[in-house]
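Q: Residue-level listing of the chains:
2 protein chains.
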Amino acid sequence: MERFRVTYRITGNEEEAYARAEDICLEQTVEFPLELVPAGLIRDHLVGKIAAFSPDGPGFYQAVIEYAASAAAGELTQLFNVIFGNISIKPGIRVQAVHLSESLLDGFKGPRFGREGLRRLVEVPRRPLLFSALKPMGLSSRQLADLAYLFALSGIDIIKDDHGLTNQVYAPFEERISLCAEAVDRANRETGQHSVYVANVTAPHDKIISRARFAKEHGSGGLLLAPGLAGFDAMRRVAEDDSIALPIFSHPAFLGSYVLDPASGISHYALFGQLTRLAGGDGTIYPNFGGRFSFSREECQSIVQGAAVPMGHLKPIFPCPGGGMSMENIPEMIEVYGREVVFLMGGGLFKHGPDLVENCRYFRSLVEGLA
Amino acid sequence: MERFRVTYRITGNEEEAYARAEDICLEQTVEFPLELVPAGLIRDHLVGKIAAFSPDGPGFYQAVIEYAASAAAGELTQLFNVIFGNISIKPGIRVQAVHLSESLLDGFKGPRFGREGLRRLVEVPRRPLLFSALKPMGLSSRQLADLAYLFALSGIDIIKDDHGLTNQVYAPFEERISLCAEAVDRANRETGQHSVYVANVTAPHDKIISRARFAKEHGSGGLLLAPGLAGFDAMRRVAEDDSIALPIFSHPAFLGSYVLDPASGISHYALFGQLTRLAGGDGTIYPNFGGRFSFSREECQSIVQGAAVPMGHLKPIFPCPGGGMSMENIPEMIEVYGREVVFLMGGGLFKHGPDLVENCRYFRSLVEGLA
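Residue numbers (the numbering used here), protein chains in the order written: chain A, 34 to 404; chain R, 34 to 404.
Keep in mind that the hints were calculated from the coordinates and are not lab data. Warning: the hint list may mix true and false statements.
Pairs involving identical chains hold if they fit within one copy or between any two copies, as the list cannot separate such chains.
Mimicking SDA-like on lysine to any residue, the simulated pairs with C-alpha atoms at most 25 Å apart in a straight line are [unchecked claim]:
(1) K384 with I367
(2) K240 with S103
(3) K240 with R76
(4) K240 with Y395
(5) K82 with N200
(6) K240 with D139
(7) K123 with K348
(8) K142 with P205
(9) K240 with S134
(10) K123 with S327
(11) K82 with K123
(12) K142 with I242
(13) K123 with M360
(14) K384 with S211
(15) K348 with E223
This is chain A alone, in the form it adopts within the complex:
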């Protein structure tokens, strides 16, 4: 019977860590005392099994636990539950990586575009893509559209709503989407380029699909969604909808608590890489090292790995480091990330000099010169 595996990092000495690994096998499946688990299928197949167990640096052990694929019922929500549901509440257990079986992966479409699809969409075959955000909240839809126009005119490939723009009275969703998409389209006609406007569809449960469809129908070239707020399965749902068929950028809002403590939660690799990709993100936004957040260079590099590690038919997706980037960071970022990256610069684009258009052009030329 088909199985999949999850690698956990467990705190403790060998005996404690092994006991925790055994506990995970029960907690994540039958949630029942072992002595009461019925013999046969349930005990032999559904209870998790420790497939490997080894030291992982001082005070830590690594356990690979195997689960029956049938426990996940083909549902992303239930797969996440088996991976880390109840044990999220137990200290000293961190999901390091998932290893999903082919037919389990076949149940999820994953990213519709991936890196290649996104490059084709914006017609940028080689260099890193340039990404910025419409902000601050409180501007009118017209003002945001004017900004979108300037960004597109001056060479920014992807222009997204700030993730806090949803349906505020200052720039209501439908009005904002229509005006911003039109503005980017107008700039494209002038430049001959193919910038895209990315509408934020992080929204109440019953509004996500309708907003995504509205965005599609009104010229958005992509969507922004924060799975920490809307649920990872909402992203999966949007990604799989053929009537939408737009690239999705996953935003990390409300997800930080999973990664901050290195001894619990979920690794950067798994959360912002593997699981975001499994849920259909084409780009994974995360705070870059050296910005105003706390991720290390190594953690950022691990996200890049999770975004591209072989996972059956799932396409590799773009790392989108942002969060306090400035022009000064670009050379080092190109060293670290190479070409397969989307650079997200928000406030930094405004701060570089007094003229936004000049700043954007400088950003573009800097990247073109280096990559």
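Could you slot chain R onto chain A? The hints should help.
A: Leaving out everything else, chain R in the frame of chain A:
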């Protein structure tokens, strides 16, 4: 203009903590360097304001930050984003409590039943309610229904699916719900009591509402939903649906990472109390102190407070401590929780003695004798 407040606990000395509080004001709203924030409405109104700042024990400060209600756009997803979206990624910031304005609260229906409504439903006016779970995963729908029958026959008030039961081949959703609801109904006809079967509707985004409606139509008396897996707004959506109109029990799966580190994330009080209630949970399930999880007695007591603190029109909800409870815990739990509690005992009910019916009856008489 209407505003709401959030209390954060911030790590650091006075200067560091104050700088972090100022940073929260920007990060959670305009996400823009202060010097670039346009004067007028945006700077005066949308940027968060530090309303209070004071020491909170060695190495910590407490900051109360005020936000414009309009920033939340009347959406639970965006309200959560303003409360803790980006700053979830910054270490040393913990949401302690939320203080929502009346008209902001008026935008959410909250729990449909609350404590009183749930008591009326099961016709138990005074004593603590008894709650158990159908498990383990791998049993057939028929076997789970037989268990549900025994639980109801022997005095358990609320009988829920284990939170890992979704739509596995072993007990597919529709079959399981129909058989289990019928079994509880049959037991009720024999006992004259009013036990309810609670169907797990934690499911893919596009299946939650249809499963909840199916459960309602086929005799479920309540629903189980894990907002960490499905999204808090999915719970809000189900709670507000008049065609469903069933009490909801919120399960903590996948939420543990928010509470484990006392210096970051969200407090037990806010997450399992206030926010679960705001999202429409009628009962909030969490691991009891002294069980197989790690919550302290004080943390559990804070959940009880968050479940009942005045929050406009929102009804008080039931704390549902579980997770490794046994008969031995009951006297202390009654001391701590009093009568306004739902005791969730799963494996412990099976372990107490060889006869499940006797065990359930003992559980009931123990609670009736003490409360």
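Q: Hint by hint, note whether the structure agrees.
A: Right, here's what the structure says about each hint:
1. K384 with I367: within (21 Å within a copy, 59 Å between copies)
2. K240 with S103: between (31 Å within a copy, 18 Å between copies)
3. K240 with R76: neither (42 Å within a copy, 30 Å between copies)
4. K240 with Y395: Intra 38 Å, inter 48 Å, cutoff 25 Å: neither.
5. K82 with N200: between (47 Å within a copy, 22 Å between copies)
6. K240 with D139: between (28 Å within a copy, 19 Å between copies)
7. K123 with K348: neither (33 Å within a copy, 30 Å between copies)
8. K142 with P205: Intra 32 Å, inter 23 Å, cutoff 25 Å: inter-copy only.
9. K240 with S134: between (33 Å within a copy, 24 Å between copies)
10. K123 with S327: both (24 Å within a copy, 6 Å between copies)
11. K82 with K123: Within. Shortest intra-copy distance 19 Å satisfies the 25 Å Cα cut-off; inter-copy 35 Å does not.
12. K142 with I242: both (17 Å within a copy, 22 Å between copies)
13. K123 with M360: between (42 Å within a copy, 23 Å between copies)
14. K384 with S211: neither (28 Å within a copy, 61 Å between copies)
15. K348 with E223: So K348 and E223 fail the 25 Å test inside a copy (33 Å) and across (57 Å) alike.
When held up to the earlier numbered hints, the structure conflicts with 3, 4, 7, 14 and 15 and fits the remainder.
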